[in-house]
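Asks: Given the structure of chain A, go ahead and fit chains B, C, D, E, F, G and H with the ligands onto it with the hints provided.
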Amino acid sequence: MARNKGAVVVNIERCKGCHLCEEACPSDVLEMNQQTNAMGYHYAYMANAEACTGCVSCAYVCPDACITVYRVKS
Amino acid sequence: MARNKGAVVVNIERCKGCHLCEEACPSDVLEMNQQTNAMGYHYAYMANAEACTGCVSCAYVCPDACITVYRVKS
Amino acid sequence: MQIATYLLQNHTIMTLQEIIQPANKVYGKTPLLTDTPMHYCPGCSHGVVHKLIAEVIEEMGIQDITIGIAPVGCAVFAYNYIDIDWQEAAHGRAPALATAVNRLLPESCVFTYQGDGDLAAIGTAETIHACNRGENIAIFFINNGIYGMTGGQMAPTTIEGMVTSTSPEGRDVMLEGYPLKISNLLTILDGTCYVTRQAVHTPATVIRAKKAIRKAFENTLAKKGTSVVEFVSTCNSGWKMTPHQANQWMAEHMFKVYPLGDLKDQ
Amino acid sequence: MQIATYLLQNHTIMTLQEIIQPANKVYGKTPLLTDTPMHYCPGCSHGVVHKLIAEVIEEMGIQDITIGIAPVGCAVFAYNYIDIDWQEAAHGRAPALATAVNRLLPESCVFTYQGDGDLAAIGTAETIHACNRGENIAIFFINNGIYGMTGGQMAPTTIEGMVTSTSPEGRDVMLEGYPLKISNLLTILDGTCYVTRQAVHTPATVIRAKKAIRKAFENTLAKKGTSVVEFVSTCNSGWKMTPHQANQWMAEHMFKVYPLGDLKDQ
Amino acid sequence: MKRVPMFGTSSIRPLKINYSRMKEEIIIAGFGGQGVLSMGKILAYSGLMQGKEVSWMPSYGPEQRGGTANVTVILSDEKISSPILQEYDTAIILNQPSLDKFEPRIKKGGTLLYDGHGFVREPQRTDINIYRIDALETSIALNMAKTFNMFILGGLLKIRPIVEIDNVLLGLKKSLPERHHHLLAQNETALRKGMEILIPIHVL
Amino acid sequence: MKRVPMFGTSSIRPLKINYSRMKEEIIIAGFGGQGVLSMGKILAYSGLMQGKEVSWMPSYGPEQRGGTANVTVILSDEKISSPILQEYDTAIILNQPSLDKFEPRIKKGGTLLYDGHGFVREPQRTDINIYRIDALETSIALNMAKTFNMFILGGLLKIRPIVEIDNVLLGLKKSLPERHHHLLAQNETALRKGMEILIPIHVL
Amino acid sequence: MEEVKLMKGNEAIAEAAIRCGCDGYFGYPITPQSEVLETLMALEPWNKTGMVVLQAESETASINMVYGGAACGKRVMTSSSSPGISLMQEGLSYIAGAELPCVVVNVTRGGPGLGTIQPSQSDYFQTVKGGGHGDYKLITLAPASVQEMSDHLCLAFDLAFKYRNPVMVLSDGLIGQMMEKVQLPDYQPRLTNEEIREKYPWATLGKNGRAKQNIITSLELVSEEMEKVNNRLQQKYREVEANEVRYETFLCDDADYLLVAFGSSARICQKSVELLREEGIKVGLFRPITLYPYPVAQIHEYAKQVKGMLSVEMNAGQMVEDVRLAVNGLVPVEFYGRYGGMIPTPEEIVKAVKEKLII
Amino acid sequence: MEEVKLMKGNEAIAEAAIRCGCDGYFGYPITPQSEVLETLMALEPWNKTGMVVLQAESETASINMVYGGAACGKRVMTSSSSPGISLMQEGLSYIAGAELPCVVVNVTRGGPGLGTIQPSQSDYFQTVKGGGHGDYKLITLAPASVQEMSDHLCLAFDLAFKYRNPVMVLSDGLIGQMMEKVQLPDYQPRLTNEEIREKYPWATLGKNGRAKQNIITSLELVSEEMEKVNNRLQQKYREVEANEVRYETFLCDDADYLLVAFGSSARICQKSVELLREEGIKVGLFRPITLYPYPVAQIHEYAKQVKGMLSVEMNAGQMVEDVRLAVNGLVPVEFYGRYGGMIPTPEEIVKAVKEKLII
Ligand SMILES: Cc1ncc(C[n+]2csc(CCOP(=O)(O)OP(=O)(O)O)c2C)c(N)n1
Ligand SMILES: Cc1ncc(C[n+]2csc(CCOP(=O)(O)OP(=O)(O)O)c2C)c(N)n1
Ligand code: SF4
Ligand code: SF4
Ligand code: SF4
Ligand code: SF4
Ligand code: SF4
Ligand code: SF4
Ligand SMILES: [Mg+2]
Ligand SMILES: [Mg+2]
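Protein chains in written order, with our numbering: chain A, 1 to 74; chain B, 75 to 148; chain C, 149 to 414; chain D, 415 to 680; chain E, 681 to 884; chain F, 885 to 1088; chain G, 1089 to 1447; chain H, 1448 to 1806.
Same shape as in the complex, but just chain A (with noise of 0.2 Å):
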């Protein structure tokens, strides 16, 4: 299995589950989870997650900020 260089942590309940961040992602590391948050969104999780090279797409267009994105200093 590849090294992660990335990754995401995603804030659940201010998530809506809009997609964008899943949309915006080049490494197809997002999607929306089949559970639901107190607000009864379906919010986004790290599906793939060893995909993540924390280029902080995802995080950069989500519109409630979220995503706090992890990179390790190669």
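Take the hints with a grain of salt, since some may be wrong.
Taking lysine-lysine and the PhoX-like style, the derived pairs with C-alpha atoms no more than 20 Å apart in a straight line are [as the list claims (entries may be wrong)]:
{"id": "1", "chain 1": "G", "residue 1": "1359", "chain 2": "E", "residue 2": "853"}
{"id": "2", "chain 1": "E", "residue 1": "854", "chain 2": "E", "residue 2": "826"}
{"id": "3", "chain 1": "D", "residue 1": "654", "chain 2": "E", "residue 2": "826"}
{"id": "4", "chain 1": "E", "residue 1": "854", "chain 2": "G", "residue 2": "1269"}
{"id": "5", "chain 1": "H", "residue 1": "1628", "chain 2": "F", "residue 2": "1058"}
{"id": "6", "chain 1": "G", "residue 1": "1359", "chain 2": "E", "residue 2": "787"}
{"id": "7", "chain 1": "B", "residue 1": "79", "chain 2": "C", "residue 2": "173"}
{"id": "8", "chain 1": "F", "residue 1": "1058", "chain 2": "H", "residue 2": "1452"}
{"id": "9", "chain 1": "E", "residue 1": "703", "chain 2": "G", "residue 2": "1359"}
{"id": "10", "chain 1": "G", "residue 1": "1300", "chain 2": "G", "residue 2": "1287"}
{"id": "11", "chain 1": "F", "residue 1": "963", "chain 2": "H", "residue 2": "1646"}
{"id": "12", "chain 1": "G", "residue 1": "1324", "chain 2": "G", "residue 2": "1359"}
{"id": "13", "chain 1": "B", "residue 1": "147", "chain 2": "B", "residue 2": "79"}
{"id": "14", "chain 1": "C", "residue 1": "412", "chain 2": "C", "residue 2": "372"}
{"id": "15", "chain 1": "B", "residue 1": "147", "chain 2": "C", "residue 2": "371"}
{"id": "16", "chain 1": "H", "residue 1": "1628", "chain 2": "F", "residue 2": "907"}
{"id": "17", "chain 1": "H", "residue 1": "1718", "chain 2": "F", "residue 2": "963"}
{"id": "18", "chain 1": "H", "residue 1": "1654", "chain 2": "H", "residue 2": "1609"}
{"id": "19", "chain 1": "E", "residue 1": "853", "chain 2": "G", "residue 2": "1093"}
{"id": "20", "chain 1": "H", "residue 1": "1729", "chain 2": "H", "residue 2": "1803"}
{"id": "21", "chain 1": "E", "residue 1": "703", "chain 2": "E", "residue 2": "759"}
{"id": "22", "chain 1": "D", "residue 1": "670", "chain 2": "D", "residue 2": "638"}
{"id": "23", "chain 1": "G", "residue 1": "1269", "chain 2": "G", "residue 2": "1370"}
{"id": "24", "chain 1": "H", "residue 1": "1754", "chain 2": "H", "residue 2": "1798"}
{"id": "25", "chain 1": "C", "residue 1": "388", "chain 2": "F", "residue 2": "1030"}
{"id": "26", "chain 1": "F", "residue 1": "963", "chain 2": "H", "residue 2": "1452"}
{"id": "27", "chain 1": "H", "residue 1": "1452", "chain 2": "F", "residue 2": "1057"}
{"id": "28", "chain 1": "E", "residue 1": "759", "chain 2": "G", "residue 2": "1093"}
{"id": "29", "chain 1": "A", "residue 1": "73", "chain 2": "D", "residue 2": "439"}
{"id": "30", "chain 1": "F", "residue 1": "991", "chain 2": "H", "residue 2": "1628"}
{"id": "31", "chain 1": "C", "residue 1": "371", "chain 2": "C", "residue 2": "359"}
{"id": "32", "chain 1": "H", "residue 1": "1646", "chain 2": "H", "residue 2": "1729"}
Quick caveat, the hints were computed from the structure, so don't treat them as lab data.
Replies: Just chains B, C, D, E, F, G and H with the ligands now, with coordinates in the frame of chain A:
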């Protein structure tokens, strides 16, 4: 004495003595009368009638539409 | 005609009488201009523009279908001077009234007559949106760089350094903003078909201005969109000059900021 | 942090834990953005712009002197989300409030945040005159081509053919007028120093938009005049699309009418 | 979420309704997009067909997409005073926030009907009748997801037969645009099916 | 215009004024630009200097340049109720339209003072005191055209000595911007001259 | 008459407008009345009756478009909600001053300021006392049901033209947003320009052969003349007061106490009256339908019969002043209100009657 | 105190504003009050006290600039005349809703519409009943002399900040245009931003270290919360009513009849009282100085003593309703008015007293 080609009739009661016709006349025909009309204005008159060419300049610029211009077709 | 007496003073009677004959008449007040003396100050540009509008309406034979919208400003009583149907609008709102009239009476010919305070200050939104909608109306815009009616306060179009009762030291653009070239804004709106800047201080500009008024009305009848004719004008009273001085000052200073000519004609 | 659980699903714990370390954090919510969840619909552009404004204020360290003026529109509650002092204006009047704040607190940094209905319809006059006066303010203008808050009615900026609740057959420019390119008008006003059109639908545009916001604030601090940043935006709810569809539709249709880029920068 | 044992539906009998001076005050609440408003509209139209006074009052405002929505429907033999209520005879609840908000506002002895999907906590009250209906699940299972809210309506009419089925169908016809009239049959099926899948949780 | 014979001024005596409870209601009217408003202001300031209650109320509105202007000045020992009046004790009239308008509004027994220049018709009333003053003519003749209205004021004070000359001079000083204070002497001359050139036309 | 339909109050306004021959609607979106414009846009009356529908750039523009249209003798209207109506005050004063007929619908929300979008009756003062400047009056109708939204709109146009005066339909978010059954009026044709010329000789449709020009203005700089203009207006208002008072009573004949309420709150009070009657307390409900002209004489008559009145309003106490003026001290007049978007319950009102009137 | 000067009412407003520490004036020209802005521009207070003076693009902009300035805790004001004040109604409602202190001067002219530019009192209703939407009140001062134009302006600022409420100075063209003697107040320094932070902790001057952000808003979408906002406002108004009533009486002690009049008309009534007293008719003058809060209790007291009251106004009958509400039927309350720019003479009023009260 040169023969007149034009003449103007000033509607005294409308005239406000603004001098604009006087300034516009290329032939120095018009001046303001010493007398005033009912509104208290020194109205325009042909001080130098024989010079009038009937060019209508005075009437064009008159803000109060006081001037009727006559010209003899020559 | 009591006037004749004065004409006779420096003249041979025969000569003048020969000339002053109906057959020789080349210019006179259009009957569409009523006999009510206009309330404007001596030498005010409003009078000239009124006269030209009346002449064009008369010449085009559209007095029966033309509806004028008067502003709040010195021209508030315009309705007393041109013998057509008129509506007197609230300050700045003439284009809104004109919009409704245009929509509800599409076969009529509607125009607004507005000052710079009316059109470019309080009425900015109504002006821009009527133009943007391309209402089939003509807008006659008397830009004398001042609020004439209320006693000579600064207008949005007052030029830099110009003294008014609310800019006694001259307009300071850093504090009060820049002279607003509103016609330039209107030019780039898709709804306007014709935007032009004219003056009425000389016989030549009067003739050109009249043509512009005619074109505006023709556009309106042809439903081409909104036509805007700006008249760079004087308010000798507000400017505290004689009418002639005012004309000169205008030509020297105002035309630099508001150069005459067509801004758009399509 | 309860979130971590989900991250673990498809992953070796070690790997992710290694990465998710404070030292490795490259991006996260600025603390200037409050914890109150934003009331916007999922995927609404307002959220992105809020976030960027908060980030810039934070990065410039001007939260103590910045005063925001919120509009009437979906962003009416903007004050709940960015932790600075705010005034909530009447519909369209934010530039008037900002003018006063700018004049009375010249050392502060004032911005308005306005929608297209707010800025380009009812607030047209206030917008144009604040810009014309060159008030030292930044205007952030969210142009989503619709009245989001009131349920998706046509805005002045709605593009031709676009369906809204008050143009159910699509905007008919012959009846309802042309989409108003208000930023173009503001560009030709002498009081504006910077007018730019941005979007926030992709990471690249987000980065550019943030730079524009920063420049606007810098201009304001430098007292250069009025800076206007238009964000061509989506209202997926009003447009009746998914957020992603809305972004695509915007890129395909809105950018033609509202091309991105600087209109003025001096 | 705790599963509730499945009972047969035959044992369910309508709750007592005072038909002499009938008045039913109903709230329907859920996420936007669940068809809350149109369900209310069908109900109101059904009442109209039945010759009743009706009122339909939506929660209105800048509710965000996906946020909560609700509608108050009143069917009455008499003129209706306020269409906005603080308390309800019957509540149809389709999501958790709405349960939190409206459960306390059901009149003592009133009825709560909820869809079983997506709740974190169960209804708590013991002084009201509580029914569950797995309308979402069933409608998806039967490939009839579009008629989700007709299942619910069926369930409601089973316990609160305030309008006759025929009038519901008439009302449905009224409230549906003509181009959708071919869907009427499917809706009737859903309505009748809804009556069958009702689960009593707590009946007074 | 009919010329009126020139009388000596020495025969003119002040009209009776009730000094115990003094109140003088004056209108000054003429063309705009004739200094009507400032004449009123000097008068008002003079009253102020004399310790009186004063009011000064201009006609306001979009009067066109060269059109008529007028100001109502009241000097009184008591609080002044309305500064706008329908009738006047004294009218100072400087043009024909103002004569037409205000002659009928002078109180019976009141006073009309008019400048002799530019009238088409003479005052008609016989129940008031009428004085003429050729202030324009005289001021031009004496090359003192700028102080035209001080001539008139002088004339007024001759017949209605409602304020003392000293107070007029003080009032003048108050109402004049400082850069014009060097003109005070000339103004005093004009004031005194004005008292001399008054012509009684009809005295009750 | 058309069959009975279920409809929102706002939709009923739109439908009724088209049917009663309205020539033009000019408006700007605002909650809770945006459905008026939306419904009109969906119904596309321009294809059917030729009615013009235009979304304006603001309420200020809307009311001035109404001015322009009304000046042409056309049946024109606008609608808005509280803040938008505030922006129309100058325009309304002009329209009243120029004596133009038009209809304005206020679907009131809770104020002041941006306030709330929930129902309220807190624009009563603004409407009946004069939100704009100068001495003028708006004839004011207060519908209490969706049916009346439709009925009053048509009545409003008739009154507007009868008196050449703006008419306000003062409703609120409750009636605007609720659905109820409604029977819409039959279609009534729009007047042709020729008919307008005939019926409204003052209309500015273009001179078109007329000898004298028509001028629509509210300006008169000569005070004496402006006083005459005002005399004419006042004369008209006296006529309106004499002829157009409308009200409804419910169990008032034998009442010991009276509830006075309009619009939405009157609906609720009706229930309160029933509850009180069940307890044997003889209470009646007096519901002014016209808020201007106000049923002064009628209320005064009841003041001779009852022991007290309670004005029930969705505001902090506005109409209560008109009730007091009508009662003129004969009996105590108390007030009960909820506001800011809150709606009183029938039970609350019952309690208020007991506490404030009966004691 | 400064020496006595002769000054127009409008000029006095401008001078007093500078002296009482006003931070900003925002206004738009309109007759008969343009001298306020003109005087300020001539006096250039920005060089002296730092006061900002800005000519706005409209009255709508003016009042919203006032909103913005007031939200910063600054002493800001605007002035206008009737049509311009109508355009401010939305803004005023917002300012009241957001509880901001500010001063608005209305130099009233005759309406409705464009009307006339001559003096009038026909904006009474607009001012005291609520020209804008929602339940709010403007504290209203009615100066009757140039001296009071100055005095009331300063008082207005004090009241505005005391109650965080907009204050209206309701004068008219007569007082605005006339010159009278006036003694201007001494210069009072403007507050520094630090002082404002201290005194008005709600002001949005920038967080500047403050832990919590300040938000100025009139919005509250939750009805329950909006009702609380309104409760707070109503509470404040009760306080204002309890503490701030101001009035003046003239020969009322032994009066058989009372004239009630404010502002300009009160000046004139004073003369009428004298004339009537000369005839041996015992008439007094009651002059409300605050129109809101209205001197209800005081007038009610006099209603127990006199045989009748006459409300004299330069309008078609507006304040008379407040007099009647105060009197509550105890004695007849009649009305005499001139309008459209006309000013009643003392003699006319004498006649009206005889005809309407004494008979
Ligand atoms: C709402 C409103 N605000 C202000 C005024 C006062 N007012 C009358 S005319 C005018 C400005 C006139 O200037 P402009 O439009 O340039 O016309 P001009 O007199 O110069 O021809 C103003 C501010 C008014 N009547 N109504
Ligand atoms: C005076 C006034 N008119 C109308 C409204 C109703 N209103 C609220 S928001 C809005 C338009 C919002 O559109 P926009 O400015 O484009 O903002 P968005 O919601 O799209 O972000 C309108 C018309 C109001 N609150 N006040
Ligand atoms: S940081 Fe980049 S790679 Fe990782 S999830 Fe976000 S967009 Fe995808
Ligand atoms: S972009 Fe943000 S809000 Fe949207 S799904 Fe992703 S994390 Fe959630
Ligand atoms: S231009 Fe006209 S108004 Fe002026 S002086 Fe000549 S004739 Fe008279
Ligand atoms: S017609 Fe020509 S020449 Fe004759 S007076 Fe006029 S301008 Fe002069
Ligand atoms: S004030 Fe100026 S604009 Fe008005 S009439 Fe006089 S010169 Fe013309
Ligand atoms: S309605 Fe539109 S603009 Fe408003 S929050 Fe939703 S998506 Fe955003
Ligand atoms: Mg001008
Ligand atoms: Mg928008």
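Asks: If a hint holds in the structure, say so; if it doesn't, say that too.
Replies: So, going through the hints one by one against the coordinates:
1. 1359(G) - 853(E): 32 Å, violated
2. 854(E) - 826(E): Answer holds: residue 854(E) to residue 826(E) is near 18 Å, not above 20 Å.
3. 654(D) - 826(E): 18 Å, holds
4. 854(E) - 1269(G): 13 Å, holds
5. 1628(H) - 1058(F): Holds, at roughly 13 Å.
6. 1359(G) - 787(E): 18 Å, holds
7. 79(B) - 173(C): 12 Å, holds
8. 1058(F) - 1452(H): 9 Å, holds
9. 703(E) - 1359(G): With Cα atoms ~13 Å apart, residue 703(E) and residue 1359(G) stay inside 20 Å; holds.
10. 1300(G) - 1287(G): 16 Å, holds
11. 963(F) - 1646(H): 41 Å, violated
12. 1324(G) - 1359(G): Status violated; Cα separation ~37 Å.
13. 147(B) - 79(B): 8 Å, holds
14. 412(C) - 372(C): 13 Å, holds
15. 147(B) - 371(C): Distance of about 40 Å is beyond 20 Å: violated.
16. 1628(H) - 907(F): 16 Å, holds
17. 1718(H) - 963(F): Since the Cα atoms of residue 1718(H) and residue 963(F) sit roughly 9 Å apart, the hinted pair holds (cutoff 20 Å).
18. 1654(H) - 1609(H): 23 Å, violated
19. 853(E) - 1093(G): Roughly 13 Å between the alpha carbons, so the hint for residue 853(E) and residue 1093(G) holds.
20. 1729(H) - 1803(H): 15 Å, holds
21. 703(E) - 759(E): At roughly 10 Å apart (the allowed maximum being 20 Å), residue 759(E) and residue 703(E) satisfy the hint.
22. 670(D) - 638(D): 30 Å, violated
23. 1269(G) - 1370(G): Measuring from Cα to Cα gives roughly 31 Å; hence the hint is violated.
24. 1754(H) - 1798(H): 17 Å, holds
25. 388(C) - 1030(F): Satisfied, since the Cα-Cα distance of roughly 18 Å is no more than 20 Å.
26. 963(F) - 1452(H): 16 Å, holds
27. 1452(H) - 1057(F): Judged against 20 Å, a Cα distance of about 13 Å means the pair holds.
28. 759(E) - 1093(G): The given pair, whose Cα atoms are some 16 Å apart, holds under the 20 Å limit.
29. 73(A) - 439(D): 10 Å, holds
30. 991(F) - 1628(H): Given that 20 Å is the threshold and the Cα spacing comes to 26 Å, the pair is violated.
31. 371(C) - 359(C): 18 Å, holds
32. 1646(H) - 1729(H): 50 Å, violated
Checked against the numbered hints given earlier, the structure breaks hints 1, 11, 12, 15, 18, 22, 23, 30, 32 and satisfies all the rest.
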